[in-house]
Structure formats: structure tokens, C-alpha cells
Amino acid sequence: MKRTVVNCATGEQTVEDLTDDEIAEVEAARAAHEEELAAEEAAAAAKAAAKASGDAKLKELGLTDEEIAAR
Amino acid sequence: MANAVTKLATLTPSGTTAAAFTSISSAYDDLYIIASVKTDSTSSSLTRATARLYYQFNGDTSFNYNSVNVYVQGHSSVATGEDYWNSGSASNNMYLSCAPTSYYSSSNGWGSFEMYIPGYAVATSANPEYLGKPHRVLGCYDFASTGTAYMGNSFNQMNYGMATGTNTAITSINFKTIYGNYTAGTTMTMYGIKNT
Numbered sequence: 001m002k003r004t005v006v007n008c009a010t011g012e013q014t015v016e017d018l019t020d021d022e023i024a025e026v027e028a029a030r031a032a033h034e035e036e037l038a039a040e041e042a043a044a045a046a047k048a049a050a051k052a053s054g055d056a057k058l059k060e061l062g063l064t065d066e067e068i069a070a071r
Numbered sequence: 072m073a074n075a076v077t078k079l080a081t082l083t084p085s086g087t088t089a090a091a092f093t094s095i096s097s098a099y100d101d102l103y104i105i106a107s108v109k110t111d112s113t114s115s116s117l118t119r120a121t122a123r124l125y126y127q128f129n130g131d132t133s134f135n136y137n138s139v140n141v142y143v144q145g146h147s148s149v150a151t152g153e154d155y156w157n158s159g160s161a162s163n164n165m166y167l168s169c170a171p172t173s174y175y176s177s178s179n180g181w182g183s184f185e186m187y188i189p190g191y192a193v194a195t196s197a198n199p200e201y202l203g204k205p206h207r208v209l210g211c212y213d214f215a216s217t218g219t220a221y222m223g224n225s226f227n228q229m230n231y232g233m234a235t236g237t238n239t240a241i242t243s244i245n246f247k248t249i250y251g252n253y254t255a256g257t258t259m260t261m262y263g264i265k266n267t
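Residue numbers (the numbering used here), protein chains in the order written: chain A, 1 to 71; chain B, 72 to 267.
If you're looking for bench data, these hints aren't it; they were derived computationally from the structure.
Small disclaimer: the values here were computed from a predicted structure and weren't measured.
Some hints could be false.
As the list claims (entries may be wrong) - Among chain B residues calculated to face chain A with C-beta under 10 Å, some are:
(1) A80
(2) R123
(3) I249
C-beta atoms are modelled at their ideal positions from N, C-alpha and C, and glycine is treated no differently.
Please take these sequences and the hints and turn them into a complete structure.
Written as C-alpha cells, this is what we have:
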């Protein structure tokens with residue numbers, strides 16, 4: 001992994017290697033985000049399932065699709 | 072107000088994971104950064120997680136960062152749009168959800184952000200008002216896959232961040248991608264602002 005660096009004093013732009021510690025940090029951030037993404041997807045799926053279940057129960061009570069959507 | 076805003080440097084990363092401004096002068100009152108960003112990741116996910124980059128001040132990678140983020144995701148139907156916010160516990164970085172992947176190859180698929188850091192050069196000991204260098208970021212991107220932009224394909228973020236470990240002048244800022252490398256065409260430009 002590499003980094004583009006611009007020195008604001010000189011305007012010079014260079015490319016350098018990340019250190020091993022920095023590479024480990026990026027990989028850790030990536031892993032953390034993948035965990036977060038999985039949690040978000042699970043939460044969204046649970047929310048959608050609850051909504052579908054709730055809508056079905058409302059329909060059984062006699063509400064129309066328009067009435068359900070207007071809630 | 073002549074010379075109130077001075078361009079300090081422009082980053083044009085391409086094929087690299089990180090991009091950094093270094094040797095930032097302390098001669099100004101505030102910093103302002105504007106950027107247009109894209110990565111070469113081919114992830115197809117539309118969530119903010121895959122469109123993220125993160126940033127750190129002065130090379131501090133410890134858990135010294137806090138932020139409050141508000142996200143608004145557009146949709147063709149208001150009912151299925153998504154608005155939410157989070158206020159995280161201390162982290163070792165701060166996120167920006169404005170680095171879309173190259174899965175969306177249309178010209179619309181670029182992210183942009185602007186960051187404003189008042190009092191970036193003020194030592195906390197001199198003025199506690201700037202404890203943690205409070206700053207704000209506005210970012211957005213359009214994930215249109217058809218080449219047609221519309222509001223339903225927009226993702227927007229407001230972020231208020233603090234870096235509690237940064238008690239001296241900010242002299243460097245590092246932006247790292249979560250997935251992939253920056254693509255050619257990515258630009259980040261820093262300006263110094265004088266208030267007098």
C-alpha cells in the first residue's frame with residue numbers, strides 16, 4: 001500500500017510506502033467496517049421483515065394497501 | 072479581504088490507498104479543504120460502509136477521535152429513503168462517506184466533500200475553545216448506475232468531529248480509503264483562511 005503526499009511548504013507531491021503498522025491499521029479499519037456493514041444489513045433485514053409482518057396483520061384487520069401505506 | 076483565502080496545495084492521488092497533506096503552515100486562522108474523490112474498488116454495495124474513507128490529524132492513530140454524523144440517503148420513493156445519525160464512542164479515526172467505488176462507472180459516480188477546521192493552529196493550552204480541533208465536514212456522492220443523476224441516488228453526510236489528542240497545531244492530515252485505491256482524477260485542495 002502506498003500514500004500520495006503533498007508537502008504544503010514546497011508543493012512537491014511524492015508517493016511513499018505505508019509502514020507495516022499503517023497497513024495493519026488500514027486492514028483493521030476494513031475489517032471493522034465489514035463487521036459494521038454485516039450488522040447494518042442484518043438490522044435492515046429484520047426491520048423489513050417486521051414491517052412485512054405488521055402490514056400483513058393490518059391487512060387481516062381490514063386495512064387497505066393505501067391505508068397501510070399512509071401510516 | 073484581499074488574500075483572505077490562499078491555496079496551499081493540491082493532492083492528486085492515483086493508485087494509492089492514502090493521501091496526505093504535510094508541512095501545513097500555521098500562518099493562517101482556519102483551514103478549508105475541498106475534494107472530489109473516487110476509488111477503484113469494484114464493490115457493488117451502496118451502503119456508506121463501502122464508500123468510506125477516513126482521516127486523521129498529525130499521524131495520531133490512537134482512539135482520540137469523536138464525531139457526530141448525520142446521513143441522508145435519497146430514494147425514488149420518499150417512504151423508502153433513509154435518514155439516520157450516529158454518535159460514536161472514541162475511535163482511532165473519523166469517517167467520510169463520500170468515496171464511491173468504481174462499480175458505478177458513470178461520470179456521476181464521484182464523491183465530493185468539504186472540510187472546515189477553524190483554529191487549526193491554536194494550541195489547546197492557549198485557547199480551550201479549540202480543544203480537540205472541532206471541525207465540520209459536508210460530503211455527498213451520487214451512485215447512479217445508469218449515467219443519469221437524480222436525487223434518489225444521492226447520499227449525503229454532515230459530520231461534526233473532534234480530535235481530542237490533537238492539542239497543538241495541525242501540521243498534517245491523512246485521508247485513507249477503506250476499500251481500494253484512489254482513481255485518477257481524484258483531487259483534494261487545501262486553502263488557508265485569514266480572518267483579518
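Hint by hint, here is what the structure shows:
1. Because the closest C-beta pair between A80/B and chain A is about 4 Å apart, less than 10 Å, the hint holds.
2. Given hint, R123/B at the interface with chain A, holds; its Cβ is 6 Å from that chain's nearest Cβ, closer than 10 Å.
3. Given the 10 Å rule on beta carbons, the hint for I249/B holds: about 5 Å separates it from the nearest Cβ of chain A.
When held up to the earlier numbered hints, the structure conflicts with none and fits them all.
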